[in-house]
Amino acid sequence: MEIHKYEKIWFAAALVMVVLFISSVAYGAVGAGIQMVDDEGGEINPNEIGEHPKFEGFQDVAGTEASVTQVNESHYEAQIQANHPNFFPGEITIPEGSTVTFYITAGDVIHSYDIVGTNVNTMVIPGQIAEITAEFEEPKEYGVICTEYCGELHHEMEGKVNVVSQEEWDENYTDDLITIDERGGDN
Amino acid sequence: MGVFADRYPDEAKVVRAALASSFLALLIGGAMGPLQTLHRIDYLRIMPSESYYTVLTLHGVALVILFTIFFLVGFYQWAVTDSLDRPAEDIRFTWLWYGLMSLGALMASLAILGGFTDATDISASVLFTFYAPLEAHWLFYVGLTTFIIGTWLAGADWFRSWWNWKKENKGEKTPLRTFMVLTTMLMWYLATIGVASAVLFFLLPWSLGIVDSVNPLLTRTLFWYFGHPVVYFWLLPVYMIWYVILPQIAGGRLFSDALARIVFVLFLVLSVPVGIHHQYLDPGIAEGFKFLSASNTMFLLLPSLLTAFTVVASIEHGARQRGGEGYFRWLTVLPWRNPAFTGMALAGLMFAAAGFSGMVNAGMNLNYLVHNTMWVPGHFHLTVGTAVALTIMAVTYWFLPRITGNPIFSMRLGLVQVLTWFVGMVLMSNAMHRVGVGGEPRRTADPFYDFEFEGVIGSIGELHLQIGLGALILTLSLVLFFIHLIFSWFGISSTTKITSEAAIRKPLSGKEHAPAVLENFRLWVAIAAVLIVLVYTIPIASIIVDGGLFGPDVAPVRPDHAPLFGLSGLSLSTEWLVAGAAGAVGAIAAIAGVLR
Ligand code: HEM
Ligand SMILES: [Cu+2]
Ligand SMILES: [Cu+2]
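Line by line, the protein sequences are chains A and B. For the first sequence, the numbering used here gives the first residue as 1, with consecutive numbering after it. For the second sequence, the numbering used here gives the first residue as 1001, with consecutive numbering after it.
To be clear, the hints were calculated from the coordinates, so they are not data collected in a lab. Treat each hint with caution, since some may be false.
[To be verified] Residues of chain A placed beyond 10 Å of chain B at every Cβ, according to the derived structure:
(1) 4
(2) 73
(3) 78
(4) 135
(5) 167
(6) 168
[What the hints assert, rightly or not] Under the rule of at most 20 Å between Cα atoms (straight-line distance), these lysine to any residue pairs were calculated in the SDA-like manner:
(7) A:5 x B:1508
(8) A:8 x B:1316
(9) B:1497 x B:1405
(10) A:8 x B:1301
(11) B:1497 x B:1007
(12) B:1013 x B:1031
[To be verified] With the Cβ distance kept under 10 Å, some of the chain B side facing chain A (calculated, not the full set):
(13) 1048
(14) 1053
(15) 1125
(16) 1251
(17) 1255
(18) 1288
(19) 1290
(20) 1291
(21) 1299
(22) 1305
(23) 1359
(24) 1365
(25) 1368
(26) 1372
(27) 1554
Bear in mind that the values here come from a model prediction, so they are computed numbers and not experimental data. Idealized CB from N, CA, C, for every residue including glycine.
Just need the whole structure built from these sequences, with the hints factored in.
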């Protein structure tokens, strides 16, 4: 087979490019430590969400009042259930400078949980728990949307993450705050 | 040489039938385009938002399943018959697979259309990805299955021709076009295992109530096992057009036969084990497998980069044959007035642009920025919506006379048609990418929330205007295309018949230089299968072990449908609609008149 000189040069350049791209993905994962959603969250029965240790005390669907649970000084966790066309709870509030681990699952169909403007963006699949951790530095109100078609009212599915200042937090939100020890469950 | 329609009248009939089905799907799916675009940017809402998803399902299924694949089988039938220079082995079998595909297409379409009315409980508003636990009526799944079985038989038909041809032509290398057809079909057989098992073992029994649960992550993974390679099923006929027909139109020859074959073999080997790159954000799949899939995806760049080289080199050769000179001046002697050439060249250009946005999608840790945003439809309206769709439209200006014997109605109309597609898509796709980076989601009837997205260079309002404008220009282009199609196809307003066609010119470096190992299909399929097993066994096994083969009691959910003609969502007066439609028809008639 005859291969033209230019073809060889082009082929070599293309290979180099491919290797560069792969290294950049590898660097993103290892070097820059960009966290991906993976299989850490484990499985859950979508019909018995409240019975899973991670969701213990979490009230099923409509009755949900539970907001975040405090793990330690600046670390919180939030359990969220998606059911067309709502998130439960629809709104969560956390103090500035906190780290939050989200445990998100679905009771009906596939959804997503996308905190717009942050890197929290994950699919939410019945039977699976999506576990994802993020830091929220400044006070800000973030919109949350479902970005996977989940039924005829999909476009109405939205929620909120309120990052409030430390003063506001201390004043309004610490009274009912549950710590991980009080809640029990596994950790 | 006699025109194909005269040399092989029976085969030409099948080719025409398949193309007719393809363009009917383009018409129906295309008509949904402006409807959904104007709805989601809130310019014109003539349906309740609940119906949006039925419209979008129709758009997706009609365009990327029916339009593309019906074109493929028609075009490939021509490629095999013409390049082997032998009739179909048994034309009744050829009609059988075409009939099965049509029957399947009809069933799936009816199931979707049922979503528009309350008269029946049949519906399939599940989008073309039909992720469980969203459920469609069983008619939808049976339709898709029948359609795919039709494509399998088409492949069998072409393999049979090839085997018989080989017996009569011992020691000869397979003609390039047939080689491309066979590698594409082998890839397709490997790819459809995923969707066929998702539908036959899980979704269909579940929609019939035979099993009462599915594992949503499993059926989703099986879908994407198929969902990535299917894009090569759209693309490979287009690659054949770029390799074989484009140089011909440019007045030159394909640079290297061997390289073209290598590219198709690379697609066969590499296409399937990458589907997990659509699941970067899925829980339940370990990061390592996502990384593996990302790396494989990057290797898939190779055959496309090689194609870019060969195609440009072949066009340059054509230009030099026409007396073109200089580093770039040769570009000016190319046949830019020919819509077939210009359309394909612009399609190729857009495909290169799509390569860049594709890199962002494929980059595992950039993906979360754009996943399920408008960026993604922005990207694939460049790939399947332009590189594929525009090439298919452009090639009809070359292809139709060969299969109908009638001349093209107006090449000038054609030129305007391909140019308007290009302009419309530049506008629409560009703005889709930009609202996507701002976070605006795809697949939604109403992307207006309690908070606002931030546009990138330009406000969301301005970008929506650009999307709407682009969509209207695209619609105009579609209308022009159908004017051309109907007038050219039936030879309306022409009394002459085309009786001869030029044979496809041999490549500069011919098939005698292609290494014999390329013909060893068993070897390539074996390598492809090993790669698939390596990449998919563990993720699928762990999904089954962890979540159960049939999942934890997951019940089907049928999206509710609002009757379309309740017209509750009407937000523009009927007079406006009528005036607009009349204006559009007048404008089109004027354009067609002038161009003629
Ligand atoms: C008049 C021309 C067209 C217009 C105005 C148009 C417009 C759109 C828009 C706005 C969307 C996004 C809808 C959403 O996610 O909410 C969309 C989705 C889509 N379009 Fe088009 N499009 C056109 C032509 C095409 C063509 C030619 C193809 C392919 C050959 C195509 C394939 C698709 C697919 C596969 C989707 C995704 C459907 C889904 O998310 O389920 N479109 N189109
Ligand atoms: Cu949703
Ligand atoms: Cu893909």
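Hint-by-hint comparison with the structure:
1. Not every beta carbon of chain B lies more than 10 Å from that of residue 4 of chain A, the smallest distance being close to 7 Å; the non-interface claim is violated.
2. The Cβ of residue 73 of chain A lies farther than 10 Å from every Cβ of chain B, with a closest approach of about 28 Å, so its non-interface assignment holds.
3. Even its closest Cβ contact with chain B, about 15 Å, leaves residue 78 of chain A beyond 10 Å, as expected for a residue assigned away from the interface.
4. With a least beta-carbon separation of about 15 Å from chain B, residue 135 of chain A lies farther than 10 Å from that chain, consistent with its non-interface assignment.
5. Every C-beta of chain B lies more than 10 Å from that of residue 167 of chain A, the closest at about 23 Å, which supports listing it as non-interface.
6. At the 10 Å boundary, the C-beta of residue 168 of chain A stays outside the reach of chain B, the nearest C-beta of that chain being 19 Å off.
7. Taking the CA atoms of residue 5 of chain A and residue 1508 of chain B, the gap is near 15 Å; set against the 20 Å cutoff, the hint holds.
8. As the CA atoms of residue 8 of chain A and residue 1316 of chain B are separated by approximately 18 Å, the hinted pair is consistent with the 20 Å bound.
9. About 6 Å separates the Cα atoms of residue 1497 of chain B and residue 1405 of chain B, which keeps this hinted pair within 20 Å; it holds.
10. Pair hint residue 8 of chain A plus residue 1301 of chain B holds up; C-alpha atoms about 16 Å apart against a cutoff of 20 Å.
11. For a cut-off of 20 Å, the pair hint linking residue 1497 of chain B to residue 1007 of chain B stands: about 14 Å separates their Cα positions.
12. Only pairs whose Cα atoms come within 20 Å are accepted, and residue 1013 of chain B paired with residue 1031 of chain B is rejected, the gap being roughly 27 Å.
13. Hint status for residue 1048 of chain B: holds, given a least beta-carbon distance of 9 Å to chain A, under 10 Å.
14. The interface hint given for residue 1053 of chain B holds, since its Cβ lies 6 Å from the closest Cβ of chain A, which is under the 10 Å cut-off.
15. Interface restraint check for residue 1125 of chain B: the shortest CB-CB distance to chain A comes to about 7 Å, inside 10 Å, so the restraint holds.
16. Taking 10 Å as the C-beta contact cut-off toward chain A, the hint placing residue 1251 of chain B at the interface is violated, the least distance being around 20 Å.
17. Restraint check, residue 1255 of chain B versus chain A: the minimum CB separation of about 7 Å is within 10 Å; hint holds.
18. The beta carbon of residue 1288 of chain B comes within 9 Å of a beta carbon in chain A, closer than 10 Å, and the hint placing it at the interface holds.
19. The beta carbon of residue 1290 of chain B is positioned within 10 Å of a beta carbon in chain A (closest approach about 6 Å), and the interface hint is therefore held.
20. With its C-beta approaching chain A no nearer than about 6 Å, residue 1291 of chain B sits inside the 10 Å limit, and its interface hint holds.
21. The restraint placing residue 1299 of chain B at the interface with chain A holds, with a minimum CB-CB distance near 6 Å, inside the 10 Å limit.
22. Satisfaction of the interface hint for residue 1305 of chain B is found here, the shortest Cβ-Cβ separation to chain A being roughly 4 Å, below the 10 Å cut-off.
23. The beta carbon of residue 1359 of chain B comes within 7 Å of a beta carbon in chain A, closer than 10 Å, and the hint placing it at the interface holds.
24. Annotation: interface hint on residue 1365 of chain B holds; nearest CB of chain A at approximately 4 Å, less than 10 Å.
25. For residue 1368 of chain B, the shortest C-beta to C-beta distance to chain A is roughly 5 Å, which falls under 10 Å, so the interface hint holds.
26. Hint status for residue 1372 of chain B relative to chain A: holds, with the closest Cβ pair at about 4 Å, below 10 Å.
27. A distance limit of 10 Å between C-beta atoms decides the matter here; for residue 1554 of chain B the minimum to chain A is near 6 Å, and the interface restraint holds.
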